[in-house]
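Number of protein chains: 2
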Amino acid sequence: MAFKTDIEIAREAQKKPIQEIGQKLGIEPADLVPYGHDKAKVSADFIARQAGNKDGKLILVTAINPTPAGEGKTTTTVGLGDGLNAIGKKAAICIREASLGPCFGMKGGAAGGGYAQVVPMEEMNLHFTGDFHAITSAHNLLSAMIDNHIYWGNDLQIDSRRVVWRRVMDMNDRALRDIVTSLGGVANGFPSQAGFDITVASEVMAILCLATDLEDLQERLGNIIVAYTRDRKPVTCRDIKADGAMTVLLKDAMQPNLVQTLENNPAFVHGGPFANIAHGCNSVVATRTALKLADYVVTEAGFGADLGAEKFMDIKCRKAGIAPSAVVIVATIRAMKMNGGVLKQDLGAENIDAVNKGCANLGRHIENIKKFGVPAVVAINHFAGDTDAEVDAVRDYVKSLGSEAILCKHWADGSKGIEDLARRVVEIAESGEADFKTLYPDDMPLFKKIETIAQKIYRADEVLADKKIRDQLKQWEEAGYGHLPICMAKTQYSFTTDPNRRGAPDGHSVPIREVRLSAGAGFIVAICGEIMTMPGLPRVPSSESIRLNDQGLIEGLF
Amino acid sequence: MAFKTDIEIAREAQKKPIQEIGQKLGIEPADLVPYGHDKAKVSADFIARQAGNKDGKLILVTAINPTPAGEGKTTTTVGLGDGLNAIGKKAAICIREASLGPCFGMKGGAAGGGYAQVVPMEEMNLHFTGDFHAITSAHNLLSAMIDNHIYWGNDLQIDSRRVVWRRVMDMNDRALRDIVTSLGGVANGFPSQAGFDITVASEVMAILCLATDLEDLQERLGNIIVAYTRDRKPVTCRDIKADGAMTVLLKDAMQPNLVQTLENNPAFVHGGPFANIAHGCNSVVATRTALKLADYVVTEAGFGADLGAEKFMDIKCRKAGIAPSAVVIVATIRAMKMNGGVLKQDLGAENIDAVNKGCANLGRHIENIKKFGVPAVVAINHFAGDTDAEVDAVRDYVKSLGSEAILCKHWADGSKGIEDLARRVVEIAESGEADFKTLYPDDMPLFKKIETIAQKIYRADEVLADKKIRDQLKQWEEAGYGHLPICMAKTQYSFTTDPNRRGAPDGHSVPIREVRLSAGAGFIVAICGEIMTMPGLPRVPSSESIRLNDQGLIEGLF
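Chains as they are written, first to last, in the numbering used here: chain A, 844 to 1401; chain B, 844 to 1401.
Just so you know, not all the hints are guaranteed correct.
As the list makes no split between identical chains, a pair holds if one copy fits it or if it spans any two.
[As the list claims (entries may be wrong)] Derived DSS-like pairs (lysine-lysine); straight-line CA-CA distance at most 25 Å:
{"no.": "1", "residue 1": "K858", "residue 2": "K1094"}
{"no.": "2", "residue 1": "K1200", "residue 2": "K1213"}
{"no.": "3", "residue 1": "K1291", "residue 2": "K1311"}
{"no.": "4", "residue 1": "K847", "residue 2": "K1135"}
{"no.": "5", "residue 1": "K1187", "residue 2": "K1084"}
{"no.": "6", "residue 1": "K1094", "residue 2": "K859"}
What the hints contain is simulated information worked out from the structure, not anything from laboratory work.
All chains, please: the whole structure from these sequences, using the hints.
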């Protein structure tokens, strides 16, 4: 029997009107702002009225370090949400929005897979409800106002060589990475070096995801540092007077989007910051709203647990005052084998030794999660070729660490394939076992925070940073930014900064190449290695084959 | 008594759910794609099912040459729609969407004014239903794919100096007019001169407004000429294989938007091409859909009748196979006085001589409209300071030309202030008097078409164009583009190419500075004078004072 593709399954979805989905969470139709019949925003007024509700339990889905074999973190997030509903719990899902640009390079990023998907999949991968377009507009309005300020006399005495605010576009366009603007004469301004990042890499995106309401949004936007004067004084978005208009542009985008799973359960899809130079979680507003409306909220963090879960705990939870009651670590037999040294083309064959060897990566993540005071359970996302012996090997290994691994077949079977995990997650969440704590306190010196993450999570011996970087961190501490958390920008493929080092290495060094202050988002980015903030298109981009077919359906997007 | 501002009036609107507005035109809720509770797109499926309906009558609202005194063309379009409904006719309005970028420079462009407005005004001036964002994305995808093609080997042998497809952004950003892209080394491509236009100036915008359906849209997108090879062969969007993905991006944007007037009558607001380098009318799809659903459809063309109405007739009507049954020419006493030589600060005083003198401009437009075989009536858009004697002077003048001028008070009184005009328009439309013809046939040589417009409409003695331009036109004729209509790009302030020459000058020369082929939109642009395709922000942009107030309402946008 041939498997159906994700898009075939998604197209067969028996979607319910979004008003019915809203009502499952007690949202009346008047409190939904519809975008078509299957998407809606939850109105800010309604959200404000829920402030007094008791919070549900938050479940974080994270994963081992990603491998080319695929882990299915979003698929498991969606599946677990359906599973919790299937066992009679009132549960909602919170995931990130997809970026438009990359859909035209490689195949589009679906929202889950198999029978654990969120729909409408095509629209979620295209314009959706316009949030990213609003972020692009707000970001670029600030850019235009900075240059305009300089053009008309530069009262703020901005050093035009020290404008740090670039422009953004939701497109993979390498030609825009490094540009010179304002050529062509006096009327076009002062020629400057400039460039574009992809919209998800915008600090505005990170701010939208961390802001608690419109007032907080405007405050954070105002705090963005856009440039420096000749004597190195920061110039902010507030100085440029762009914060009000940017807030107006983002007013609708701040309202979380509601869609549904294939099993007609509610899913919030809102925000999507780059997981490498930002914290990589869906919006605080969506997560908080979901917690006010559902008894269980399943959400995910970007990349593997060393990067994504750490930033989820130390940035999002810290800032939003929320805490997970349980963590699910997604692993696959195939990924264990790759971590154990098997090449992708050899993944088909049973290989218990490799599974056992690769489990070290999983074990390290289990240990790490415990450092945040939250109990973890492992979800083995089942693939058709996995053998029982391989599954048992992972189960035994996890058991030996005092934890539990549960086989999940949500990809093939939907909610009924993941009910065991759902029940276990409820047990853990209700046990009150979780005692969440961040990895480091606010008042720890910035460099010490970096060292703490590197030592406790990455198991590095040392952090390498030259004097310039240490001085910069000290300067920020003196300027009042010392309380900010660290947003690590590191390869997701390894605990180390070398993407090729799989498994559970230790004793390595973490070199910090650069640090950046995101004063609006409220974190300091520590960059280890190259970070690409504007992707390019491949030789044969998927956009060449994306088109409407004779039935008006989109082909080539997936 | 202080007058209420447009925004105050708009905020007091008793809006009905958009489904009720749709039902006035026989559109069921399931055939509307809602965007919030007061905006919707009309589904493409529904539109396709109306093909067999009889067409209603089309009424074009145009104006004298604009002056700083203001004419109120959109206000009159909206008012007339309400007026027709008030006298018991089934009428709909078709106007253009507003551009986001300019709202942050000067005050936002409201949709009508006083008691003749379309709502929701704020959203229409911000993201609305995302159409312009979709156009921006589609346009820039093509840009990225062109550079990507060159980057990966340039199989089409594009001369990178002859890429004519720029990028777009819906923002007033002068710094992006002239840029150099792909700096920074091998991985970023080949450094090139490039630039951004504002989104409304995109050929994709003009195409969206002229395409009849998705198939025609893709065909036209494919025809766009994006570059030339070293031996000057054109390279099209189809060669780049971007037409399919661009169509997918524009799929939703092709569906016309439905909103309502203050009096709860249906208004289609769809498309908004730059009236100087494009044809400046709302979309063909919206106009055709409205004609299938209403007995009377009131629409407008950009700028004064010499530019906007001519392009409406010779481009939009010709291409879409539609024809107006009546034309309304909007004039104001104040504008007549300015055309008669009065300065703006002196407009408050009665000045019959100046009115009489300024009427020459109006008279010229009345004559011109008759050349298209369509009867015209003049709407005097009443301002509080107009005296009876001034109004009578215009009335008498228009009567002397065998036409009629009707005083309209829709700004102050809504539909009941414009019922006389509504009744007269119905009389004309039902008389069958209109016998529409274009100004020139398809098979006239291109340069002769330009001369025909210049002589018959602008009353110029001659068209000046150097050999290079004439040769270029000949070359296009040989390449099979000779049948295309001309899209004149000229100042809107005068019949001549000198914006300061008011009234009704003749015997002047029309110099053609440049010609451009818009092979996708299907017209040839003849540029007389400087055309700015990327505006800048003023010294104190309105964005500095745009913000949400304590009640969450937008301040400073209007």
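Tested hints:
no.: 1; hint: K858 x K1094; in the structure: between (28 Å within a copy, 21 Å between copies)
no.: 2; hint: K1200 x K1213; in the structure: within (22 Å within a copy, 87 Å between copies)
no.: 3; hint: K1291 x K1311; in the structure: within (16 Å within a copy, 69 Å between copies)
no.: 4; hint: K847 x K1135; in the structure: neither (36 Å within a copy, 41 Å between copies)
no.: 5; hint: K1187 x K1084; in the structure: neither (53 Å within a copy, 32 Å between copies)
no.: 6; hint: K1094 x K859; in the structure: between (27 Å within a copy, 23 Å between copies)
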